[in-house]
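> Using the sequences plus the hints, can you model the full thing?
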Amino acid sequence: MALTPVENQTPAFTASVAAGAGALFGLFVGTAQGSGLLGLLAGAVLLGAMGFVFTGLIAQARLIRLATVVVFALAGLAFGGLPALVLGALFGLFAGWFIFWLATSGYRKHLVPYLTPGQVLWHYGFRVICGAIFVFLITPILVVMPLSFNAEDFFTFTPEMLRFDPAGYSLKHYRDFLTNEGWQQALWNSLRIAPMATVLSVGFGTLAAIGLSQPHVPFRRAIMAVLISPMIVPLIISAAGMYFFYSRIGLQGTYLGVVLAHAALGIPFVIITVTATLVGFDHSLTRAAANMGAGPITTFFRVQMPLILPGVISGGLFAFITSFDEVVVVLFVGSAGQKTLPWQMFIGLREQISPTILAVATILVGISICLLTTVELLRRRSERLRGMSPS
Amino acid sequence: MSDTTQSGPVLAADGTPLKRSLARALRMQKVRALMLIAPLLIFILLTFILPIADMLFRSVENRIVSDTLSETVVTLRDWDPITGEAPDEAVFESLYYDMFVAAEAKEHTKLGTRLNYEQTGISSLFRSSGRKLDDIGEDHVKALEKAGDGALKDEALWFEIMTGGSSGAGDSALLEAQRTKMAQLTGEDFSADIGFVPGAEISDLFPRMAMAYTDFALFTAVMDEDTVSEEDPWETVFVAFAQEVQAPGGAEKLAAYTGPGAAELTAAAEALAGLEPVSFKASFLDLDEDWGDVGNWRTIQTYSPTYTSGYFLNSIDMQKGTDGAEARPENQQIYITLFKRTMFMSLVITASCIVLGYPVAWILANLPTRSANLLMILVLLPFWTSLLVRTSAWKVMLQQQGVINDVLVWLGLVADDARLVMINNQFGTIVAMTHILLPFMILPMYSVMQTINPTYLRAAKSLGATNWTAFWRVYFPQSVPGIGAGSILVFILSIGYYITPEIVGGTKGVFISNRIAYHISSSLNWGLAAALGTILLAVVLLLYWAYDKIVGIDNVKLG
Numbered sequence: 001m002a003l004t005p006v007e008n009q010t011p012a013f014t015a016s017v018a019a020g021a022g023a024l025f026g027l028f029v030g031t032a033q034g035s036g037l038l039g040l041l042a043g044a045v046l047l048g049a050m051g052f053v054f055t056g057l058i059a060q061a062r063l064i065r066l067a068t069v070v071v072f073a074l075a076g077l078a079f080g081g082l083p084a085l086v087l088g089a090l091f092g093l094f095a096g097w098f099i100f101w102l103a104t105s106g107y108r109k110h111l112v113p114y115l116t117p118g119q120v121l122w123h124y125g126f127r128v129i130c131g132a133i134f135v136f137l138i139t140p141i142l143v144v145m146p147l148s149f150n151a152e153d154f155f156t157f158t159p160e161m162l163r164f165d166p167a168g169y170s171l172k173h174y175r176d177f178l179t180n181e182g183w184q185q186a187l188w189n190s191l192r193i194a195p196m197a198t199v200l201s202v203g204f205g206t207l208a209a210i211g212l213s214q215p216h217v218p219f220r221r222a223i224m225a226v227l228i229s230p231m232i233v234p235l236i237i238s239a240a241g242m243y244f245f246y247s248r249i250g251l252q253g254t255y256l257g258v259v260l261a262h263a264a265l266g267i268p269f270v271i272i273t274v275t276a277t278l279v280g281f282d283h284s285l286t287r288a289a290a291n292m293g294a295g296p297i298t299t300f301f302r303v304q305m306p307l308i309l310p311g312v313i314s315g316g317l318f319a320f321i322t323s324f325d326e327v328v329v330v331l332f333v334g335s336a337g338q339k340t341l342p343w344q345m346f347i348g349l350r351e352q353i354s355p356t357i358l359a360v361a362t363i364l365v366g367i368s369i370c371l372l373t374t375v376e377l378l379r380r381r382s383e384r385l386r387g388m389s390p391s
Numbered sequence: 001m002s003d004t005t006q007s008g009p010v011l012a013a014d015g016t017p018l019k020r021s022l023a024r025a026l027r028m029q030k031v032r033a034l035m036l037i038a039p040l041l042i043f044i045l046l047t048f049i050l051p052i053a054d055m056l057f058r059s060v061e062n063r064i065v066s067d068t069l070s071e072t073v074v075t076l077r078d079w080d081p082i083t084g085e086a087p088d089e090a091v092f093e094s095l096y097y098d099m100f101v102a103a104e105a106k107e108h109t110k111l112g113t114r115l116n117y118e119q120t121g122i123s124s125l126f127r128s129s130g131r132k133l134d135d136i137g138e139d140h141v142k143a144l145e146k147a148g149d150g151a152l153k154d155e156a157l158w159f160e161i162m163t164g165g166s167s168g169a170g171d172s173a174l175l176e177a178q179r180t181k182m183a184q185l186t187g188e189d190f191s192a193d194i195g196f197v198p199g200a201e202i203s204d205l206f207p208r209m210a211m212a213y214t215d216f217a218l219f220t221a222v223m224d225e226d227t228v229s230e231e232d233p234w235e236t237v238f239v240a241f242a243q244e245v246q247a248p249g250g251a252e253k254l255a256a257y258t259g260p261g262a263a264e265l266t267a268a269a270e271a272l273a274g275l276e277p278v279s280f281k282a283s284f285l286d287l288d289e290d291w292g293d294v295g296n297w298r299t300i301q302t303y304s305p306t307y308t309s310g311y312f313l314n315s316i317d318m319q320k321g322t323d324g325a326e327a328r329p330e331n332q333q334i335y336i337t338l339f340k341r342t343m344f345m346s347l348v349i350t351a352s353c354i355v356l357g358y359p360v361a362w363i364l365a366n367l368p369t370r371s372a373n374l375l376m377i378l379v380l381l382p383f384w385t386s387l388l389v390r391t392s393a394w395k396v397m398l399q400q401q402g403v404i405n406d407v408l409v410w411l412g413l414v415a416d417d418a419r420l421v422m423i424n425n426q427f428g429t430i431v432a433m434t435h436i437l438l439p440f441m442i443l444p445m446y447s448v449m450q451t452i453n454p455t456y457l458r459a460a461k462s463l464g465a466t467n468w469t470a471f472w473r474v475y476f477p478q479s480v481p482g483i484g485a486g487s488i489l490v491f492i493l494s495i496g497y498y499i500t501p502e503i504v505g506g507t508k509g510v511f512i513s514n515r516i517a518y519h520i521s522s523s524l525n526w527g528l529a530a531a532l533g534t535i536l537l538a539v540v541l542l543l544y545w546a547y548d549k550i551v552g553i554d555n556v557k558l559g
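Each protein sequence line maps, in turn, to chains G and S.
In case it helps, the working numbering puts the first sequence at residues 1 to 391.
In case it helps, the working numbering puts the second sequence at residues 1 to 559.
Be a bit skeptical, because a hint or two may be false.
What the hints assert, rightly or not - Each computed SDA-like pair below joins lysine to any residue, with the alpha-carbon atoms no more than 25 angstroms apart:
#1 Lys19/S - Gln214/G
#2 Lys106/S - Arg248/G
#3 Lys461/S - Val6/G
Stated by the list, open to error - A short, non-exhaustive set of chain G residues, derived as facing chain S with CB atoms under 10 angstroms:
#4 Met224
#5 Ile232
#6 Met242
Claimed, not checked - Calculated from the model, a selection of chain S residues having no Cβ within reach of chain G, i.e. all distances over 12 angstroms:
#7 Lys132
#8 Leu174
#9 Ala256
#10 Glu330
#11 Val474
Please keep in mind that the hints were generated in silico from the structure rather than gathered at the bench.
Every residue gets a Cβ at the ideal spot worked out from N, C-alpha and C, and that includes glycine.
This is how it looks when you write it as structure tokens:
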């Protein structure tokens, strides 16, 4: 099989590929400005020419790339002000990098040399597809953040915002969140319900997970199925059942009712994370502790607990976020007195659309990032403690 | 003595046979494990399983008809709808007394609402008739009240008559029967002492009147918390007296009566002389001619039993007809469509999750650990972000004045006056839910793909397979368990989704869950909500069972 060495490409190759990329960008810019065909041609010619010229100047790559960025940024500024400057600079950065990447066969550097050109193309095509999916995953979350600083009561970017005009931005939605009675009450309710539910599910869940990881448990599979079921049963059915049943016994519309319901929903997460930590737990450690005279309680708190603590904490965080994010069950089991943050957001989304929701959403994303980081760190620590390789 | 000479079972240190000792240790271990699990199991049973069981029960329970119209239900049993005629006088008589008590307790409108689910129009029939019940036997009541210079307007006298005086024997059986009836009707506790026991003599001679007065007494004492002897009796008592005195043999009964108030009652009976006996059927037909409608009566009769399959029939677009179950009229069929749509959209969502999740899981599993961990954050961040945040983000993105439309307009791909409608329809629901459920697909796929040895692919290629063959014949079959696990999980989660369809689904993009929520909170048809929920639950449990068989619930991983 023929091996393809990594060597500099001919100007014609670089120019043609760069022209293709230029045509694509030119098409977009062109349609935005009125004529797609013209933009397509201009983009192809511009990048094609750059590709042709740059291929001969590989030695000064760094300087030329810098120059490209500056030129495109200035062109953007002249053309459409501050936003165009940023776009131009980004495009310049991309164009410079892309042309030299092509010209020096950079795209083959990290690949095995026996790949055919088609395979190389597929390799990068696949990455572009994956990149697009990652963009799909993350864009909605990223879009919310800048919009929450909108000075207008709109759910979309205003021209001022796109011009980076400071007048287009404001903190008024955050101010509304912090001063509005309804939102504050909702936040307070959430903070009253979630920790209590977490304590309940972690307490019961940890005990049960320890029980479940004993070597001889009768009906283990059936018990497991029952304990995991709150995660599987559709929330609307849990909510309906709890609503009917809790109104029968007078718990509907009470703080206790909501806490119990949320605790039940959080339990599967605690069970799953804690049993996962207990897998591979060395039971000779507890026997060793017993051998040295420690009672079961001392053994639990001094030997077992420190080892499974990371799992317990991440289970707790899962339970917390479950309760903190939960809206369906609280909608039915709770009453106006237990209106939580998600409930308030739900009403806001369904009835009076207020951009304060976006400010709250941004704050919640911040909270999720913190929780995610904590859980990841805990997971690694737990794996290190148990002698597994961190992954 | 040496060990080799020892015969019989091996002994443990304390002298018991080792086998038994081991068995005991094992038993102890099992008990200890169960003791650790027990608190949680009880907690889950009480807070979660029991409510679900309660919901299942509600989907077949139908006590309201027999509780509200307890007597009518019994008398109606003999009526045959095939005759094509409304029931006879006896049924209307029971209906009058049942309805009167129900109207006092304000239960008749609830029953009307319940029956209206089955036959439209019954609700207003019950409501209007409940208001006009006083019209029935109005002349008789007026005549009785005027008789003997208004002697019968005296509450204390009525109390005296009905108890049979201080010396008379009491009919406590009647009291108990009415207690049970009232308790079922109102759901309140009627066991308290009400300071009244119907007299045995009067209840023997005029059973209907005694019954009516006992109902009145119970209601006054328990619900209104008043003293029975100080309140005017209900019209039903007067009507019952008129009915029983004017019935054949009524005059003789009155003549035989010797208890308190005999003179007043006789005077009252004379006042009735000029009036026709009360005809309940004619009076009800006067109130509303719909009472002569066989369809209404058939509905009441069909739904009299305590348990019914009606809600389940309703949730699959059927109803109880004259001869068994039959399909509902075309224009009322919504649930089958809704179930089909829920299934179809869940399948589309699952398929899009597979298509989008597979490449991502592949690249995560095949990149070097550092970059994979970095990219993993992009998957886990949406997973950890509040569901409402993501839903609101999609609302912002998909609106007609939203981000995507703005970008498309700016690029010139879409004209400003022809912005795409991407929200409040199926498209919006599918896009938003695919995004929300994608991590649930990627994570199981990733954990399976991590275990696939990359050398297999290289071996396949070195044996002459093309890229595609190597992937399709070697890699893909090994990744199928991951696809299976992810698909079942995503499908289970999506068919029960409520929040996202509610916000971005409009009317065309909603799921069966939204209908359940509507029946719980808006139409208050809890039985139907429970039946729809039961069907949905059955589907989910079936999938859950399959998931357990294929993947094992122990292997569910989070993050």
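> Hint by hint, note whether the structure agrees.
Comparing the hints with the structure gives:
1. Among the hinted pairs, Lys19/S with Gln214/G is consistent with the structure: their alpha-carbon atoms are about 21 angstroms apart, no more than 25 angstroms.
2. About 20 angstroms separates the Cα atoms of Lys106/S and Arg248/G, which keeps this hinted pair within 25 angstroms; it holds.
3. Proposed proximity of Lys461/S and Val6/G is supported: the alpha carbons are some 23 angstroms apart, at most 25 angstroms.
4. Among the interface hints, the one on Met224/G holds; its C-beta lies about 6 angstroms from the nearest C-beta in chain S, closer than the 10 angstroms criterion.
5. The restraint placing Ile232/G at the interface with chain S holds, with a minimum CB-CB distance near 5 angstroms, inside the 10 angstroms limit.
6. Nearest Cβ of chain S to the Cβ of Met242/G: about 5 angstroms, under the 10 angstroms cut. The hint holds.
7. Against the 12 angstroms criterion, Lys132/S stays outside the reach of chain G, whose nearest CB is about 33 angstroms from its own CB.
8. Listed as outside the interface, Leu174/S is consistent with that label: its C-beta sits roughly 31 angstroms from the nearest C-beta of chain G, beyond the 12 angstroms cut-off.
9. Annotated as non-interface, Ala256/S keeps its C-beta farther than 12 angstroms from every C-beta of chain G; the closest such distance is 49 angstroms.
10. With a least beta-carbon separation of about 28 angstroms from chain G, Glu330/S lies farther than 12 angstroms from that chain, consistent with its non-interface assignment.
11. Even its closest Cβ contact with chain G, about 17 angstroms, leaves Val474/S beyond 12 angstroms, as expected for a residue assigned away from the interface.
Against the hints set out earlier in the document, no violation occurs for any number.
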